[in-house]
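Asker: The lines below spell out each chain.
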Amino acid sequence: MKTYLPPRFVIDRYAERCIACQVCVRQCSFDAHAYDGEDDEIRSYEKNCVGCHRCSVFCPTQALNIRLNPLSYRPNVNWQPEFIEDIIRQSEGGGVLLTGMGNDKPYRVYWDHLLLNASQVTNPSIDPLREPMELKTFLGRKPDRVELDPASLSLKTQLAPQVAIDVPVLFSAMSYGAINLNVQESLARAATEAGTLFNVGEGGLHQTLYKYANNAIVQVASGRFGVHPEYLDVARFIEIKIGQGAKPGIGGHLPGGKVSEDVAETRMIPAGTDALSPAPQHDIYSIEDLAQLIYALKEATNYTKPVCVKIAAVHNSAAIASGMVRAGADIIALDGLRGSTGAAPKMIRDNVGIPIELAIASVDTRLREEGIRNQASIIAAGGFRNSADVVKAIALGADAVYIGTAALIALGCTVCQQCPTGKCAWGIATTDPILSKRVNPDIGARRVVNLLRGWSLEIKEMLGGMGINALESLRGNRLHLRGVDLTDGELDVLGVRLAGR
Amino acid sequence: MGGKGMDHWERVNNPYDDDKVIAACSLFGMMDTSGKRFSGGDTITAIANMHERGNGLGGGFAVYGLYPQYAEHYAFHVMYLDEAARREAESLLQDGFRVALAEPVPTRKTRAIENPPLVWRYFLEVRTQNGQGLSHDDYVLEKVMQINTGVRNAFVFSSGKDMAVFKGVGYPEDIADYFRLDEYQGYLWTAHGRFPTNTRGWWGGAHPFSILDWTVNHNGEISSYGINRRYLEMFGYHCTMQTDTEVIAYAVDLLVRRHHLPIEVVADVLAAPLWSQIEREDGEKAALHTTLRQVYGSLLLNGPFTVVIAHQGEMIGLTDRIRLRPLTAATKGDLLFLSSEESAIRLVCPQLDRAWIPMGGEPIIGSLQRPLAKREPVAVEEATA
Ligand code: SF4
Ligand code: SF4
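Line order of the protein sequences matches chains R and D.
Letter by letter, the first sequence follows residues 1 to 501 in our numbering.
Letter by letter, the second sequence follows residues 1 to 385 in our numbering.
Hints were generated in silico from the structure; no laboratory data involved.
Careful: at least some of the hints might be erroneous.
As the list claims (entries may be wrong) - Computed beta-carbon distance windows for the label pairs:
no.	chain 1	residue 1	chain 2	residue 2	range
1	D	Glu142	R	Tyr210	55 to 65 Å
2	D	Glu142	R	Ala160	28 to 38 Å
3	R	Leu116	D	His136	39 to 49 Å
4	R	Glu370	D	Ala286	30 to 40 Å
5	R	Asn351	D	Leu134	23 to 33 Å
6	R	Asp127	D	Ser34	38 to 48 Å
7	R	Tyr210	D	Ala286	24 to 34 Å
In this text, a Cβ means the ideal position worked out from N, Cα and C, and glycines have one as well.
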């Protein structure tokens, strides 16, 4: 069938610079460049280009520029080009529209409407270059009080297992299969070096990564892929995955084509079969069922590690979160509307869930109202772009954040949203052995560690500016936030005052 | 200070946790750790010497060992803006307590104090049948909250035994003059001169802030206020006044009275040791400090502060852990001094045994249980716990 889709991007090739070296031809995994031997020329097939910039970054003579195709439709507020093209695509292929990465729609990004405080006159700002500045964070259940032996004054309270992280940023769940082993290893090594954790997602923990298990979060998801006693034993903590911000309410589907021998072994399924994660966990239809699974996992690991429950941020997250804490979750992970994915139905990704900012605020407020905020840590996820977003999330009430996309961008990802195709030209969202080599764990780990170092320096600067030298004094401290251009209702949910007040 | 501002404070119901009162100040504390009572003269002289650190919008004193003739009674000092408030509060007190004595707090006419409110004192005994299963302290606390939030134009300055708070709008020396503090005796005096930067100042807002027999004098601005307050709310404390001082008082109340932690340990919560220091500590101490920070991280007081906290038999001086506000400690025989400035101490006691600047976050504790003169080799335990 002839496609009616116009090319999305234009490839500018500057003839005077192009030396026909064919680097672009080899780099582009989407076949948008081809070498014409007869004319000794490189030709462009722009309809194939996804705008990932792999070719222009690697072109040795900078002969390539990729830009949006200026081709315009007749303006129509209702029939935006995206909707027209979605229909074209569906009428040609049928089926569900699939996409990757997070929601790209112009829902309000509240981070951009929240401003941080700084000390002036009455309270000195603190210079992190000269004064200690503490980011250390402990994830896990905390009791209401500390008890000492009345006579000897020695410590009687024994805390439930705690996990220390040196920077309040963890890598969110990305499974082997959705990404390749080089990417996981880069994240694992970065986490180990930076004193934080990486989450292996629902695809199991590959044998070669066991040496990083002390910095690993292992998931127990609805497909139960790769779950076995050792997997649970070696991990730093366990995460029960109920939902994901990019696709709340639905399960996962790793196509058989991506299930190589190695992926199959790690997931404990036959090679080449589709790995289907059901939408719900079929043993969890209620909060009591969740409590059973939480305690089954705690029993299985002898109460040596926290159990986290991850949900997508949805309308009634606050009540759900409260139930999760009461069911025994030591950590709750909230994944917001802009959370990413390797593959999700486009309608779900773009229309289901709520922004993480509002979810953090309402969950934190609710748990405090019920007097149980100390019983679980909150990890927020879903579209964190920089250290200021992290600081604002913590001020709203999160203990730490998960980053996924940001870490992948450090490895090369340009958010081209082609992850479900398995052709990622940056060698990230692909298990193709040749493409996977594009991520070198030595370099990858260094890039991600650099990112985290940059963010922690920035977080320290912002803390110092607010006159705070320990992160715990910012956590839930919404007085250090002010809103701009927000309605009273939004300010109310966020628990933040308007700037100037 | 008209009635208007006052109408307001009890209704403060601010969903944004804000309107935080920012103030800088002078602090002074003087305690005879042998329990010998002395007049307020030296304390007044010392705090007056730090006149420049205040701006006349608040001054106050706490005195312990004040009412030995009523040592077993809860001594309430209550401020009223009008007679109606007094009638309403008094009927509440009469319902809740056996009133041994009710009288206006004696004052003297002074030029410096304009428009003073009525201040009365009551010596009260909890009727056993009124306890409702609460401890006497909790019962008293509930009544205080009832008056402060429920009775228009009334405010309880203090409600402990054998102690009281005298405070108001003015320089501390003027407040002392007004309340004739030179005529009282106590074994422990603390004083405060205030420099609020964002409120007009009202009598109830002056320091010391008090809850039961705890008093807090504070100099500084706490940048962790928002979370300190939200944490305390989980335990049922409502910060109606929006001052850092109130938060400190509630934090101390929670940790000492409800969680039974000794004051040295409380200091390790409010001005927690740095992680780098905890790493160097031995196993047991490190475990204690780690656990305290894990559990009470939301009560860490961040930002610059010095506090002088007192209760029956004890006085504590503490600065933030990187000491962004001044505190000098000094001893002479059984006397322990705490002051924002050393000169104020030297003015009233030129020949000190010892004067020093404590480390950031290090509590300086004077206690009747450990009189200084009997302690060897010198004075106060520094860096306890
Ligand atoms: S490498 Fe990426 S940007 Fe370059 S032509 Fe191929 S798809 Fe387009
Ligand atoms: S992971 Fe690869 S395919 Fe997915 S958005 Fe990033 S660059 Fe594109």
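Asker: Against this structure, judge whether each hint is valid.
Answerer: Now for the hints, and whether the structure bears them out:
1. A C-beta distance of roughly 57 Å is found between glutamate 142 (chain D) and tyrosine 210 (chain R), which places it inside the suggested range of 55 to 65 Å.
2. Checked against the hint of 28 to 38 Å, the C-beta distance between glutamate 142 (chain D) and alanine 160 (chain R) comes to roughly 33 Å, which is consistent with it.
3. About 45 Å separates the C-beta atoms of leucine 116 (chain R) and histidine 136 (chain D), a value consistent with the hinted range of 39 to 49 Å.
4. At about 32 Å, the CB distance of glutamate 370 (chain R) to alanine 286 (chain D) agrees with the hint of 30 to 40 Å.
5. Taking the beta carbon of each, asparagine 351 (chain R) and leucine 134 (chain D) are about 53 Å apart, not inside 23 to 33 Å as hinted.
6. Hint check: aspartate 127 (chain R) to serine 34 (chain D), Cβ distance near 45 Å, so the stated range 38 to 48 Å holds.
7. With their beta carbons about 30 Å apart, tyrosine 210 (chain R) and alanine 286 (chain D) fall inside the hinted range of 24 to 34 Å.
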